[in-house]
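Trainee: Protein sequence lines correspond, in order, to chains A and B. Numbering-wise (my numbering), the first sequence opens with residue 1 and increments by one. Numbering-wise (my numbering), the second sequence opens with residue 1 and increments by one.
Check before you lean on any hint, since a few could be wrong.
Note that the list lumps identical chains together, so a pair holds whenever it fits in one copy or between two copies.
As the list claims (entries may be wrong) - Here are the computed lysine to aspartate or glutamate pairs in the DMTMM-like style, where the Cα-Cα straight-line distance is at most 20 Å:
hint : residue 1 : residue 2
1    : Lys232    : Glu399
2    : Lys261    : Asp16
3    : Lys12     : Glu83
4    : Lys7      : Glu491
5    : Lys93     : Glu491
6    : Lys12     : Asp85
7    : Lys27     : Glu77
8    : Lys27     : Glu478
9    : Lys393    : Glu363
10   : Lys394    : Glu363
11   : Lys317    : Glu374
Treat the hints as calculated values from the structure; they're not laboratory data.
Number of protein chains: 2
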Amino acid sequence: MNGKTNKLHLKKLGIDTYKEAVIFMRKDCHVCRSEGFDVPARIRVSLNDKNILATLHTINNGLLNPHEASLSKYAWELLGAKEGDEIHLSHPKPLQSLSFVRSKIYGEKLNFEKYSHIISDITKGYYSDIYISSFLTACAGGRLDYDEILDITNAMINVGERLTWPNKMVVDKHCVGGLPGNRTTLIVVPIVTYFGLTMPKTSSRAITSPAGTADTMEIFAPVNLDIKEMQKVVKQENGCIIWGGSVNLSPADDMLIRVEKALDIDSEGQLIASVLSKKVSAGSNNILIDVPVGPTAKVRTFEMANDLSILFKKIAKTLDIKVEMVISDGIQPIGRGIGPALEARDVLAVLKNEINAPKDLREKSLDIAGKIIEFSSDIKYGEGRKIAENILKKGYAFEKFKDICLAQGSFNEPPTASHTYKVLSKYCGRVTAIDNRQISRLAKLAGAPQDKAAGVDMHISLQSVVEKNEPLFTIHTESNGALNYALSLLEQVPEIIQLEAFE
Amino acid sequence: MNGKTNKLHLKKLGIDTYKEAVIFMRKDCHVCRSEGFDVPARIRVSLNDKNILATLHTINNGLLNPHEASLSKYAWELLGAKEGDEIHLSHPKPLQSLSFVRSKIYGEKLNFEKYSHIISDITKGYYSDIYISSFLTACAGGRLDYDEILDITNAMINVGERLTWPNKMVVDKHCVGGLPGNRTTLIVVPIVTYFGLTMPKTSSRAITSPAGTADTMEIFAPVNLDIKEMQKVVKQENGCIIWGGSVNLSPADDMLIRVEKALDIDSEGQLIASVLSKKVSAGSNNILIDVPVGPTAKVRTFEMANDLSILFKKIAKTLDIKVEMVISDGIQPIGRGIGPALEARDVLAVLKNEINAPKDLREKSLDIAGKIIEFSSDIKYGEGRKIAENILKKGYAFEKFKDICLAQGSFNEPPTASHTYKVLSKYCGRVTAIDNRQISRLAKLAGAPQDKAAGVDMHISLQSVVEKNEPLFTIHTESNGALNYALSLLEQVPEIIQLEAFE
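Model the full structure from these sequences, guided by the hints.
Mentor: Below is the structure:
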């Protein structure tokens, strides 16, 4: 309504509210006054043929003049808007799919059409965080049955792109709630693709951790490839390791996951829908799922892991894809380095078969690569690992890794930090505990993942015996300032590594 | 941690995000970099001895310099901060009460201690909207049993102030999901207090409607009284009609209600806890609850109303308060005016016993006042209404209303609008439908509630018979611009009043 009057011109303010669309308007502008918009209203914002829903935040000082509005970063992107564009504002129509969410809250079972409607509205950005949180909560606590998980998965597949590949068999791996420093992907992909399987791998960047797999891969090669570039690399090398955010295969999942992370609820139905929809969209049909079990991991008991495994396989079968589960030890971080370049260095040591390469990283990577190789119908159970080990030992994996990097744009060696500081043991004794949360925090204070070379390099693990003045770990930074931040944490939390002193 | 380094100076940007605390920081500032803060992190913000949790939004242009941060309006208020103040930023400790919310999601019954912990954290502003939404959803759909509703109610009472009054009996009324133009409160309070009962009434302002009870009362007298001023008025006059927002009797409820409204879920447990905690905090012990039932009201069927009534009474009894329920017709708005001054004019016409005063408003007010008078042990069932009618007819209610207004600060007559526009019927016929939603919208476009005199004055009701060119309603505005907005809506939605034409 008010075609001529409900218009404002866009001005950049540079505000980032992550994936919730926000519109900034003056409370006294003619549109707020006439439409009765007040915080926290949801407003329909239109530009040319695009419409989004945004949450209103008002501004009462001189940042905007009365004929101007501004948007959050995400809203600029959704609308494809430029500074100066004239937007049209109106009251949104009630979202019909919210009545389905309400039904779910009241315990009703929803069908595929209703879940499709909900997922489609979420993907279009029509749900505020409040609605997404309510939807996720209504589905958690075992309130989705088998049909519903399948319906949500299919609804999520339908809203995104779906890739196809020349090879019939396309493999992938996924780790449920990973540990810091678990960079097996960079070793598994070259082994498996050298063997001849197609593995178009997308990975995530760090959100709250010192490095994500995509951040570590970026040490070696570009990872911001679009779908066309990704397809070219996979055609040439059978695989890739790129950042999932740049191909946008499961737009609904991106919206759900950020609220899920904030809520920290382990809804197994949502987890299965999230993982399988992403993999099916990427065109994969044989998927290895790694479930680390431990007190601080997402899955805490073997019983939970087994229940999850049964449900995963059942849903996957209906989707005509094969899933194998590997339940692994989720107690300690894997490898030595924490931070993009330090983790990259660990990966390189394994790929180059260096004598001091981290054993745990090598073993876990070979286990996973072996299982994936066994997806091939001509490989018998138990043979995969030997094949993987042979490919790694002979240096083929390293050559393949370099080829994948070059196909993605370059192969660079990991940088080293300008400043290092060794933290020494004050006693002679045995390591009885490592506070992983504080080690991660130390690596972030040192500058990871923004400063690529920054982080923490561990020299000990649980049960290590250390002498007095032997180094426990080394802090790597790119500046004195960052080093001081890290050291001030150490002063406040001296017991990051606990030792049982010898008499 | 980092006592010396994690500090920034506050700058005003004037951004209002309603009741979610937001902190605006530069992504490249030393605190974001060193602590690894990124959108949408929750950050602990400290100033002197106050601590709040705020959601991070980043700003990447010149609005802030690297040593500055800004806050949303609500966060400035929570911290009591001034421009230039130095705040300290840190990672928040995990909220233990969120694990109770998670238990509730998984169907566990929570006890009083756990609900107290949740309600206390919500009141302190520690829950983001995502968490509040999840908590409300987990409690909706009949997932709270009798004990739990009682425990939440008590937890909500404990976090706020609790008023006491010299008189033993303190009465109140509450309307569940009211209709536009239902201003019975302004007639009920003077009748009941003249009779001798204590009725310290707090009301709300408009959020999405053209006027709230507090907005209409503000036409006559100041309503932003603090607790001391309120107590003085009640001591002198036995009652008051003030804005609830200025006394903050149920801080938890204020936080919950805004998310509840957005979600539009009818959680009867939360509704009961919300109403009863607010009334108990206000010191009331005899409460009349008006439940309008209709297809567009909050309660849609008489069965729902009866179930609600039983549960309300049961919980109230445990809290040692008496509750009576009145189930009423929720199909049509009550009175003629829509907008603060026009509704005030209707109220005045009833209080002054004017011949053309809206009958529906008069009748409903007398019904309610009568029921409240019957809370007195010496008044028999059925006698209350006669007493109320007598007080109104003799002009005592009007005198009492003026006294209450004067005790609150002044008694002013309702203003009239500078511009009016009569919308005439194009046919001769009978009114078969009135689109209440569009009438509300018209009143808001005309300027209500900001422009006090603006709104819509209805000249017809359902089943009225009108001649051709007879006025259907009059639009009242304070400017030509606002009148044009309202008229442009009429062009687009011509069928606001539907007529069955006579041949």
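Trainee: None of the hints should be skipped; say for each whether it holds.
Mentor: So, going through the hints one by one against the coordinates:
{"no.": "1", "hint": "Lys232 / Glu399", "result": "within (19 Å within a copy, 85 Å between copies)"}
{"no.": "2", "hint": "Lys261 / Asp16", "result": "within (18 Å within a copy, 26 Å between copies)"}
{"no.": "3", "hint": "Lys12 / Glu83", "result": "within (6 Å within a copy, 24 Å between copies)"}
{"no.": "4", "hint": "Lys7 / Glu491", "result": "between (56 Å within a copy, 18 Å between copies)"}
{"no.": "5", "hint": "Lys93 / Glu491", "result": "between (56 Å within a copy, 19 Å between copies)"}
{"no.": "6", "hint": "Lys12 / Asp85", "result": "within (11 Å within a copy, 27 Å between copies)"}
{"no.": "7", "hint": "Lys27 / Glu77", "result": "between (24 Å within a copy, 19 Å between copies)"}
{"no.": "8", "hint": "Lys27 / Glu478", "result": "between (45 Å within a copy, 18 Å between copies)"}
{"no.": "9", "hint": "Lys393 / Glu363", "result": "within (12 Å within a copy, 92 Å between copies)"}
{"no.": "10", "hint": "Lys394 / Glu363", "result": "within (16 Å within a copy, 94 Å between copies)"}
{"no.": "11", "hint": "Lys317 / Glu374", "result": "within (18 Å within a copy, 68 Å between copies)"}
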